[in-house]
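S.K.: Put together the whole structure using the sequences plus the hints.
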Amino acid sequence: MLNVLKIAVRNLARFGRRTVLTSTLITLGIVSVLLFVAVAGSFKAMMIGQFTDAVLGHLEVHRRGYVASIDNLPLNLNMQPAMVEKVEQALEKSGAVEAYSERIKLGAMFSNFTETTSIRVNGIDPAKEAATTPLLPGRMIDGSKEGALLNPGEILIPALLARGMKVKTGDTIVLVATNRDGSVNGKTFVVRGILESVSGPSGRDGYIRIEDARNLLRMTQPEISEIAVRLKDPAQLDSVYEQLSEELTGAPGSGGKPGGMAGKGGGGGLEVHTWAALSPFSNIANMIDLLTVFIKIMLVSIVLISILNVMMMAVYERIREIGTIAAIGTPPRRILSLFLTEGLLLGLGGTVLGTAISLVAIYALNIWKVTFNFGMQQGLVLSPAIGAKDVAIIAGMVVLMALLASLQPAWKASRMDPVRALGHV
Amino acid sequence: MTLIRAEGLFKTYRTGEVEVPAVKGVDFAIEARSFVAFVGPSGSGKSTLLNMIGCLDHPTGGTLTVIDTDVGTLDRRAAAEFRGRHIGFIFQDFNLIPVLTVYENIEYPLIMVQDWPEQKRRKQIARLLEAVGMSGQADKRPDQISGGQKQRVAVARALATDAQLVLADEPTANLDHDTAYRVIELMKKMRDELGTTFVFSTHDPKIMGEAEVVFTLEDGKLRAPSEKSAAAHA
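Top to bottom, those sequences are chains A and B. To get my numbering, take the position in the first sequence, counting from 1, and add 127. To get my numbering, take the position in the second sequence, counting from 1, and add 424.
What the hints contain is simulated information worked out from the structure, not anything from laboratory work. Since the model is a prediction, treat every value here as computed from it, not as a measurement. Yeah, the Cβ is synthetic: ideal placement off N, Cα and C, and Gly gets one too. You may find that some hints are simply not true.
If you anchor each label on the Cβ, the simulated ranges turn out as follows [what the hints assert, rightly or not]:
| # | chain 1 | residue 1 | chain 2 | residue 2 | range |
| --- | --- | --- | --- | --- | --- |
| 1 | B | 489 | A | 133 | 25 to 33 Å |
| 2 | A | 551 | B | 502 | 21 to 29 Å |
| 3 | A | 133 | B | 501 | 23 to 31 Å |
| 4 | B | 501 | A | 417 | 26 to 34 Å |
| 5 | B | 431 | A | 535 | 37 to 45 Å |
| 6 | B | 597 | A | 527 | 45 to 53 Å |
| 7 | B | 502 | A | 133 | 21 to 29 Å |
| 8 | A | 550 | B | 465 | 13 to 21 Å |
M.R.: Here it is, written out as C-alpha cells:
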C-alpha cells in the first residue's frame with residue numbers, strides 16, 4: 128500500500144499545476160463551509176441564548192390550551208396549585224434541571240396619571256427568575272442593581288414603554304388589571320428600573336413580584352400561568368423535553384423540539400414546550416440550518432466535480448501507461464487502488480489545508496472581536512466556534528466524496544483492455 | 425521442452441458487421457531458452473500473435489498453450505496473474521513510467537505485480553542494473569536517458585520477476601541500427617545467462633538475422649520456420 132501511495136503522490140506531482148488548482152478549489156470550499164458553519168452556529172447560539180437566557184428559559188410548562196390563547200393571557204387557564212405541585216415535583220426530581228421559575232402573566236392598564244396604555248406583566252419570584260433567565264438582570268439599563276431584582280411594590284418596565292409614557296426610574300405608576308371573575312383592581316408601583324427590550328415573545332414585558340401580581344388579581348389561591356425551566360446542559364433539551372412530556376402530560380412529546388410544532392401532551396392537563404416552539408426565531412434557526420445544508424451540498428458538488436474532472440483527465444492522459452502496467456501483470460485491483468489513492472490524496476490535501484486555514488481564521492475572528500447588531504441588541508460580539516464533530520463530519524464528507532468521485536475513473540482504468548490501451552495515440 | 429505451442433490458431437477481429445482475420449490457422453512450437461523472431465510486413469499478424477502469447481488477447485480459434493497453460497481459457501484477472509508470474513514485456517516505445525526512476529521502474533513489477541521483500545528486491549535490481557549496464561543511471565528518470573538506455577531498462581524490467589518468457593514487440597523500431605543491435609545482443613546475453621526464452625517481432629532484416637529461430641508471417645499465415653541454430657532448442 129505504501130508503494131501505491133508513493134506512486135500516487137508522484138503522479139499527482141507530475142501534473143503539479145492541475146493538482147494545486149484542484150486542491151485549492153477544495154481548500155476554498157472547506158474554508159467557506161467551516162467558516163460559515165462556525166459563524167452561523169455562533170450567531171444562532173447567541174440568538175438562542177438571548178431568548179432562553181433573557182426571557183423564555185429552555186422549556187416552559189403551561190396548562191393545556193394556554194399557549195394557544197397566549198396573546199390573551201387567559202387567567203382562567205392558569206395552573207391550579209395541584210398542577211403546580213406536580214410540575215415542581217417532576218422538576219425537582221430531574222437531575223437535568225438547573226432552575227425553574229413560576230410566573231403569573233397578566234395584561235394590565237399602565238397609567239402614569241396623565242396617560243394610560245396597556246402592558247403585559249410577569250409576576251415573578253426575583254431570585255428564581257434570575258436563576259432561570261440569568262440575562263434578565265443584565266437587561267436593566269436604568270435603575271439600581273443593588274439588592275433584590277424587585278422589592279414588593281416595585282416594577283421593571285420595558286424601555287419602549289418608559290420612553291413612550293415618559294416614565295423614569297423612581298416614578299410611581301398605577302397598574303389596573305381585571306381578574307378572572309371580571310372585577311377590576313388597581314395598585315400603585317414604583318419603577319425600579321428600565322429593561323432593554325429583546326426580540327421575540329415577552330421581550331417587552333414588565334415584571335413585578337409574584338405576590339404583587341396575586342394581590343393585583345385578588346387571587347385566592349396560588350395559581351401560576353407558566354413555569355420556565357433552565358437546563359444544566361441545553362444539549363439535553365430534547366431528552367428532558369421527552370421525559371417531562373411523558374411525566375406531566377402522560378404522552379411522549381411529539382413536537383416542541385427546536386424547529387418543531389408546539390409539543391402537546393395528552394391527558395395530564397398540562398403541556399410542555401421548548402423555547403423553539405414558543406419563539407418565531409426557531410424559524411430563523413431552521414433557515415440557518417437549511418443554509419448550512421445547502422452550503423455543504425455546494426461543497427460536495429465542488430469536490431465531486433473537480434476530482435471527477437481531474438481523475439478522468441488523469442486516466443485519459445495515461446491510457447498507454449495504464450496499458451503498460453496492465454500488460455506487465457499489475458492486478459486490476461491494484462490499478463483501481465492507485466487511481467483511488469490519487470483521488471483520495473487530492474481530497475485529503477485540500478481537506479487538511481482547508482481545515483487548518485479555517486481554524487486559524489476562526490481563531491483570528493475571535494481575537495478581532497467582530498461586533499454586529501441584532502434587532503434591538505447592539506454591539507453583539509461574534510464568537511465563531513466549531514466543534515470537533517462538525518469538523519470531522521465535513522472533512523469526512525469531503526474525503527468520502529473524493530473517493531466516490533475517483534471511483535468511476537479508477538474503475539475504468541482497472542477495466543481497460545491492455546492491447547487497446549497500448550495502441551492508444 | 426516446448427514452452428509455447430499453437431495449434432490451428434485463429435484470431436479474427438470484428439468491427440461492426442465486418443470481420444477482419446488477423447491470424448489464420450497458425451501452428452508452431454517454441455522451445456524453452458530459445459531466441460525467436462516473428463517477422464513479416466506490417467499487418468501480417470506479428471503483434472496479434474505476440475499479444476495472444478502474452479495473454480493480452482484471446483484466440484478466436486485453435487489452442488495456444490504457454491508454459492503448460494491453455495491461455496485461451498484465462499479470464500481477465502487470471503490472465504493478468506499469469507502475465508505477472510511468467511511473462512516479461514518489452515515495448516517498441518519503451519513504455520517506462522515517467523514519474524519513476526530507472527531503479528523504481530525495474531522495481532515496479534516486484535512491488536506492484538509480485539510482493540518481493542525489500543532486501544531480495546534490492547539484490548535483484550542491482551544484479552539486473554549491472555547486467556544491462558545501467559548501474560550508474562539508477563536514479564535518473566526516463567526523460568534523462570537515451571532511447572537505447574530506456575530499452576535496456578525495459579529489458580531489465582521484463583526480467584525483474586524472473587520471467588520464463590519475454591515478449592518484445594518491435595523492440596528496436598525506435599532505435600538507430602547500432603543501438604538496436606546492442607539491445608538485441610543484450611537480450612541474447614540475458615537469455616544465455618538466465619535461460620529466459622525471448623520472442624520478439626521485427627521487420628528489420630538485419631535484426632531478424634540475430635534470431636536463432638525465425639517465423640515468417642504473411643497475411644496471417646505462417647511460413648515454415650527457418651532454424652539457424654540447433655543450440656536454440658537445446
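S.K.: For each hint, tell me whether it holds in the structure or not.
M.R.: A quick look at each hint next to the structure:
{"no.": "1", "hint": "489(B) with 133(A): 25 to 33 Å", "verdict": "violated, 38 Å"}
{"no.": "2", "hint": "551(A) with 502(B): 21 to 29 Å", "verdict": "holds, 24 Å"}
{"no.": "3", "hint": "133(A) with 501(B): 23 to 31 Å", "verdict": "holds, 25 Å"}
{"no.": "4", "hint": "501(B) with 417(A): 26 to 34 Å", "verdict": "violated, 47 Å"}
{"no.": "5", "hint": "431(B) with 535(A): 37 to 45 Å", "verdict": "holds, 41 Å"}
{"no.": "6", "hint": "597(B) with 527(A): 45 to 53 Å", "verdict": "holds, 46 Å"}
{"no.": "7", "hint": "502(B) with 133(A): 21 to 29 Å", "verdict": "holds, 28 Å"}
{"no.": "8", "hint": "550(A) with 465(B): 13 to 21 Å", "verdict": "holds, 18 Å"}
In terms of the numbered hints stated before, the structure departs from hints 1 and 4, listed from lowest to highest.
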